[in-house]
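All chains should be built: construct the whole structure from the sequences, respecting the hints.
Protein chains: 2
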Amino acid sequence: GRYALVVAGDIAVYATGNARPTGGAGAVAMLVGPNAPLIFERGLRGTHMQHAYDFYKPDMVSEYPVVDGKLSIQCYLSALDRCYTVYRNKIHAQWQKEGTDRHFTLNDFGFMIFHSPYCKLVQKSVARLLLNDFLGDQNLETANGVFSGLEAFRDVKLEDTYFDRDVEKAFMKASAELFNQKTKASLLVSNQNGNMYTTSVYGCLASLLAQYSPEQLTGQRISVFSYGSGFAATLYSIRVTQDDTPGSALDKITASLSDLKTRLDSRKCVAPDVFAENMKIRQETHNLANYIPQCSVEDLFEGTWYLVCVDEKHRRTYARRPLMGDGPLEAGVEVVHPGTVCEQIPSPAKKVPRIPAATESEGVTVAISNGEH
Amino acid sequence: GRYALVVAGDIAVYATGNARPTGGAGAVAMLVGPNAPLIFERGLRGTHMQHAYDFYKPDMVSEYPVVDGKLSIQCYLSALDRCYTVYRNKIHAQWQKEGTDRHFTLNDFGFMIFHSPYCKLVQKSVARLLLNDFLGDQNLETANGVFSGLEAFRDVKLEDTYFDRDVEKAFMKASAELFNQKTKASLLVSNQNGNMYTTSVYGCLASLLAQYSPEQLTGQRISVFSYGSGFAATLYSIRVTQDDTPGSALDKITASLSDLKTRLDSRKCVAPDVFAENMKIRQETHNLANYIPQCSVEDLFEGTWYLVCVDEKHRRTYARRPLMGDGPLEAGVEVVHPGTVCEQIPSPAKKVPRIPAATESEGVTVAISNGEH
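So the protein lines, in turn, are chains A and B.
Numbering-wise, the first sequence is residues 18 to 390 according to the working numbering.
Numbering-wise, the second sequence is residues 18 to 390 according to the working numbering.
Heads up, some of the hints might be wrong.
In this list, chains with the same sequence are indistinguishable; a pair is considered to hold if it fits within one copy or across any two.
[As the list claims (entries may be wrong)] Below, simulated SDA-like cross-link-like pairs (lysine to any residue); rule was C-alpha separation at most 25 Å, straight line:
1) Lys87 with Tyr335
2) Lys74 with Ala306
3) Lys330 with Gly247
4) Lys186 with Gln259
5) Lys74 with Arg333
6) Lys190 with Gly320
None of these hints come from the bench; they were simulated from the model.
Rendered as structure tokens:
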């Protein structure tokens, strides 16, 4: 009967250059507990970890990562190969125990979602998984169907093909329909919002739930490939509940996400040079002490928390944009501060705080104890 | 039947000044699983979390923390109060269910160990817990026994006494015997090795296991107060197994730690100015790229891993001091490198690697997959 709350969030920013447009930011909060509409399939987790300098942040002064582009693709694709191999071995073992003797293939996934540094890599990943299916079963039909015309690749080795353009092209083509049916819709947030690192694959999950109806989702197996640089990767699967009736948990979770596209569309579009200027300000100020951001807060969504100031000891003070739906008692800016308020708080002016501000003597504002709440 | 491996390690370094001598470094590895000699007492965990800038590292360029000394003491002691209150409430509830109706006191702990920024704070913490016992039971005997002469403090409030010298002095005196019996031995590593942050309280546990026999430990309840700045704290308890026979798990774990003092004593003692010089080198070089440490590795313990070089992309290469007990096939320096070896490797010269070096094309050396090993 206990619940776990999982929160993942990140900001992906890059130095000027090719990678900059792939940046993004996002956060996700997930409740894990019994009677969920999305159910982990236990015993089917394929994990692979390996030491690599594919993407890392060694320069403490900079927010920007160091990326070894070629190595990072190789790491990602090789991790996908390894995780899928382990996953298939495990499900084959489960099936054999149940008396079923057949090959697992991508057809056994209803949807496939992937950690998405950029959308093209996800499309390549679907092709990669199809290559795994192809090489894993010597008896596959190549005269007709999805593998037709691929006989020439019968003897390629996975580890030789990370950058083999012929293999990639052939399997991208062969997997195009699979991608369109099982993966494309999951890239809504990645496509519109860029990379979000830890949040990435859950943004894909949210994209699916936002665009398919409970009737379309019910009973489906969703594969989830999660990848973190350095690196650690897992392929696992989620089974969608069989209960798609109105008012069911599945109905509620899809309804709660039905405005996802509207929310993405409600963002303000700015020209690249405005974005570049904002990034430049961030780059120059993100480590400063004794600093008061001068940017306008008028463009922030209602309810957004923002940085008011950083004092001389790097202690940060935040405030919140009012929630328009609030009544008079709820309206206003909430301030969380480290004991002393910075000398200047930008508009909007402080009204009635939602959370009582801490007294000076305590110097603290947020407290959680177990066993008492 | 599954095991978890918990590894905690940290390096505590401070800028020149009062805090510098409290620094230290350490790591602990713990196996968590069934049939353990040390058993978590389930349902008796008191946790308190609160937002505070007591100790933090806002300056990305520096390894040194910013510490608000007074606030950090207040945070630590108030967390101890809150956690002990929750812990007692929980054990009272357990006891009532079992039909036992009495007050929990420190006498119900066989040993008490604490996160140890410095040893004096731990002594104050024992006094603080005794103050909690005192204020929590209006019917305590003050004519004789441990609380004699403390009537004057009957009406003090916990939150008013973090820096009350009269209260502190009186309860330090009253708790001196408790401290000597239940806590002092646990400070061996903290006293000899300084603060170790995440490892701190487990260093205390190791100190107990190293200095008491299985017969002295068996059946005892050990309280563990863990604290992390920012802050999050938990008071929980460990029950030592009843099986103290030769060859038992308890016998093995104490035997494995019996040379703890010898190992601490085997370290090389250097003058403060040598330490200061080493710290200065570290301060000037710890963020450098394209850097080869020039320090001698001759003083490192056998088997110690050390940094060989940092290349121009901040990729780090490590090697290992030989293990003297090794045979010819095992002897030698092991090198973990990021695909390309730095141009210069200090002595001792590379011999036979223990872990096969990665091929250049892989650029990786350590890999873990589940379901296959």
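Status of each hint after checking the structure:
Taking identical chains as interchangeable, the C-alpha atoms of Lys87 and Tyr335 lie at most 25 Å apart only when they sit on different chains, with a minimum of 24 Å there against 40 Å within one chain. Taking identical chains as interchangeable, the C-alpha atoms of Lys74 and Ala306 lie at most 25 Å apart whether they share a chain (21 Å) or sit on different chains (12 Å). For the homomeric pair Lys330 and Gly247, the shortest alpha-carbon distance between copies (15 Å) is at most 25 Å, but the shortest distance inside one copy (32 Å) is not. In this assembly of identical chains, Lys186 and Gln259 lie within 25 Å of each other by CA distance neither inside one copy nor across copies; the values are 38 Å within and 66 Å between.
Both within a single protomer and between protomers do Lys74 and Arg333 lie at most 25 Å apart by alpha-carbon distance, with minima of 23 Å and 13 Å respectively. Taking the shortest Cα distances, Lys190 and Gly320 never come within 25 Å of each other, neither inside one copy (45 Å) nor across copies (53 Å).
Figure legend: structure checked against the earlier numbered hints; hints not met, in rising order: 4 and 6.
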